[in-house]
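*Asks:* One-letter residues, chain by chain:
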Amino acid sequence: MNENNNMDASASDDSPAPEDIPLMQRVLDNPFLLLVLGIAVPAVFYIIWGIIEITQIPIAD
Amino acid sequence: MSALFDYRTCPTTGLRVDRNAEKLIKANAVVAVVFLAIGGLFGLLVALTRWPAVHFLPADWFYLALTAHGLDVLLVWIIFFEMAVLYFASAILLNSRLAGPKWAWTGFGLMLVGALITNVAVLQGGSSVMFTSYVPMMAEPHFYLGIILFAVGALIGCGVFFGTLVIAKRDKTYDGSIPLVTFGALTAAIIAVFTIASGAIILIPTLLWSLGLVSHIDPLIYKTIWWAMGHSSQQINVSAHVAVWYAIAAMVFGAKPLSEKVSRTAFLMYILFLQIASAHHMLVEPGFSSEWKIFNTSYAMYLAVVGSMVHGMTVPGSIEAAQRSRGLTKGLFEWLRKAPWANPAFAGMFMSLVFFGFIGGISGVVMGTEQINMIMHNTLYVPGHFHGTVVAGTTLAFMAITYLLVPLIFRRELMMKKLATWQPYVFGIGVAGISVFMMGAGTLGVSRRHWDMTFADAALPFDYPSAAFLMMGLNGIFACMAALGGLMFVVIVVGSVFFGKKLAEDEKPSYPEVPPDSAAVGHYGSSESLRIPGTAFLVGIFFVAFVLYYFVNWKYLSEIWPLS
Numbered sequence: 070m071n072e073n074n075n076m077d078a079s080a081s082d083d084s085p086a087p088e089d090i091p092l093m094q095r096v097l098d099n100p101f102l103l104l105v106l107g108i109a110v111p112a113v114f115y116i117i118w119g120i121i122e123i124t125q126i127p128i129a130d
Numbered sequence: 056m057s058a059l060f061d062y063r064t065c066p067t068t069g070l071r072v073d074r075n076a077e078k079l080i081k082a083n084a085v086v087a088v089v090f091l092a093i094g095g096l097f098g099l100l101v102a103l104t105r106w107p108a109v110h111f112l113p114a115d116w117f118y119l120a121l122t123a124h125g126l127d128v129l130l131v132w133i134i135f136f137e138m139a140v141l142y143f144a145s146a147i148l149l150n151s152r153l154a155g156p157k158w159a160w161t162g163f164g165l166m167l168v169g170a171l172i173t174n175v176a177v178l179q180g181g182s183s184v185m186f187t188s189y190v191p192m193m194a195e196p197h198f199y200l201g202i203i204l205f206a207v208g209a210l211i212g213c214g215v216f217f218g219t220l221v222i223a224k225r226d227k228t229y230d231g232s233i234p235l236v237t238f239g240a241l242t243a244a245i246i247a248v249f250t251i252a253s254g255a256i257i258l259i260p261t262l263l264w265s266l267g268l269v270s271h272i273d274p275l276i277y278k279t280i281w282w283a284m285g286h287s288s289q290q291i292n293v294s295a296h297v298a299v300w301y302a303i304a305a306m307v308f309g310a311k312p313l314s315e316k317v318s319r320t321a322f323l324m325y326i327l328f329l330q331i332a333s334a335h336h337m338l339v340e341p342g343f344s345s346e347w348k349i350f351n352t353s354y355a356m357y358l359a360v361v362g363s364m365v366h367g368m369t370v371p372g373s374i375e376a377a378q379r380s381r382g383l384t385k386g387l388f389e390w391l392r393k394a395p396w397a398n399p400a401f402a403g404m405f406m407s408l409v410f411f412g413f414i415g416g417i418s419g420v421v422m423g424t425e426q427i428n429m430i431m432h433n434t435l436y437v438p439g440h441f442h443g444t445v446v447a448g449t450t451l452a453f454m455a456i457t458y459l460l461v462p463l464i465f466r467r468e469l470m471m472k473k474l475a476t477w478q479p480y481v482f483g484i485g486v487a488g489i490s491v492f493m494m495g496a497g498t499l500g501v502s503r504r505h506w507d508m509t510f511a512d513a514a515l516p517f518d519y520p521s522a523a524f525l526m527m528g529l530n531g532i533f534a535c536m537a538a539l540g541g542l543m544f545v546v547i548v549v550g551s552v553f554f555g556k557k558l559a560e561d562e563k564p565s566y567p568e569v570p571p572d573s574a575a576v577g578h579y580g581s582s583e584s585l586r587i588p589g590t591a592f593l594v595g596i597f598f599v600a601f602v603l604y605y606f607v608n609w610k611y612l613s614e615i616w617p618l619s
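Heads up: the sequence lines are chains A and B, in that order. Residue numbering for the first sequence follows the working numbering, beginning at 70 and increasing consecutively. Residue numbering for the second sequence follows the working numbering, beginning at 56 and increasing consecutively.
It is worth saying that the hints were derived from the structure and are not from the lab. Think of the CB as a built atom: it goes at the ideal place given N, C-alpha and C, for glycine as much as any other residue. Incorrect hints may appear among the rest.
Said to hold, decoys possible - Among the chain A residues that face chain B by a calculated CB cut under 7 angstroms, a handful are:
#1 L104
#2 Y115
#3 P127
Unchecked claim - Stretch by stretch, here's where chain A covers chain B in the computed footprint (C-beta under 8 angstroms, at least three residues):
#4 163-176
#5 194-204
#6 248-261
#7 273-281
#8 327-333
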């Protein structure tokens, strides 16, 4: 059993460690997440906020 | 999967070229150039009319020509060419097959039919509502229908681009992350989706209104959402032409980005914040709070401006690093002096970068500042600004890469090489002059979209300063120069595509020179050197010009708007 464990350990030492991809790179490598962000941010800050302000303009008598 | 698609190997770059993508790039680029020629002709007519000494067109034809000019060059030429850029940056640079070529052709057909329908509507004379088509001005229904069809076609093209990214990732046609040029094209495609969605939200009800099926469109709602399309469509251009800058730097010099991380973060700033600059068109609207105006134009927009300034440093910086690695290390500027200034791809790209930054970029920040925007809001300064971004920036960059596309994609030797050497300078200097003199006239109060600046038939007379007339005359002269440069481009490109010497499958073009390490355009990876003293000096000049111009405008504001 110990021998097996040692073999496993030595095998894992030889194989390259899985690359730890930084969070930012994972974001930048995901085109569909970027698509959602690229639509949501201007939609919220420019269109939706802007339309809310327009709807609050009082109607002239 | 690779056996199922038909491709050739580019003898110059070593990239696999999917023949479906190649055909689509050719079709989109050819149609783009045709509409550039048409739209450019209308632009010349507009400039000759606004030249007071010439005053070429009668009023009704002036507004018709202005509508056609805006539509054909601001929308049709550029979006068709951007489709070519998207297919190049996805299928070609990723060594992949194109997703759904039939869909791509359907999108192309819709864009072509839509562009033709809208042009017919404008030329019939009943739709001289200009590019913005503000309600309650009403155009013929087919004016809106054509734009909607065009937008749907472009949306399909974006879908094909995203689909190609998925296929390339699945088939592992590239290692690691996508190349930076493809990432720039991705940025353009994302902004395009937002742009087209905004256009659909406002133009479909407007079409129904013109058909009498909807009774009323609120002008302020229309203007707000229309600019989410109208201004964002120009941000597609910015993203695409920055991607083209990186592509030309790689293909002419084998240049790698100084830092992939920094350049990608700059593109991320575009994805998140560039579209928000639409708000500067609303800065005099009383219906919006200062919070909305200032957040959108002076906080969020500046984050996108930071992105542009990063690209403005890293593109020439990557060229400098590549040149220095070849031994051009003498002084600050040997790398720039010995750059291939006779290569139209490089000359056009570098002038595009300089003019976009110094003319279009700085003026954009000035216009995005609520207080100093009041000096020039809705004056001729606005078209001056966007001729700096969209024509001196985008069109010049697209012309520049066309000089590489003709031999590499169309597989034809470039004709009239001497003329090609001069073309970017004639067009670039002409457009820079147009931009500067329109901004000068706008600063003196000359309104945009006005047929007669003398107000000859007005009930109440009004005189602009005589300097404004000089500015408009100079604008007319430089417009003629730009038109000549545009004509040179069309003659060279059309001549080369149809009559240039055909290149054999494995034959390398003789001109423009493309080095063997141009394959860098299709790979992820940063430059090994960050020593860029010449670029740092140029960036210093840019900042001095930026700060001086910004504060000169505040000084000017204090003079015309005295506080006591």
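*Asks:* Could you work out which of the previously given hints the structure breaks and list their numbers from low to high?
*Replies:* 3, 4, 5
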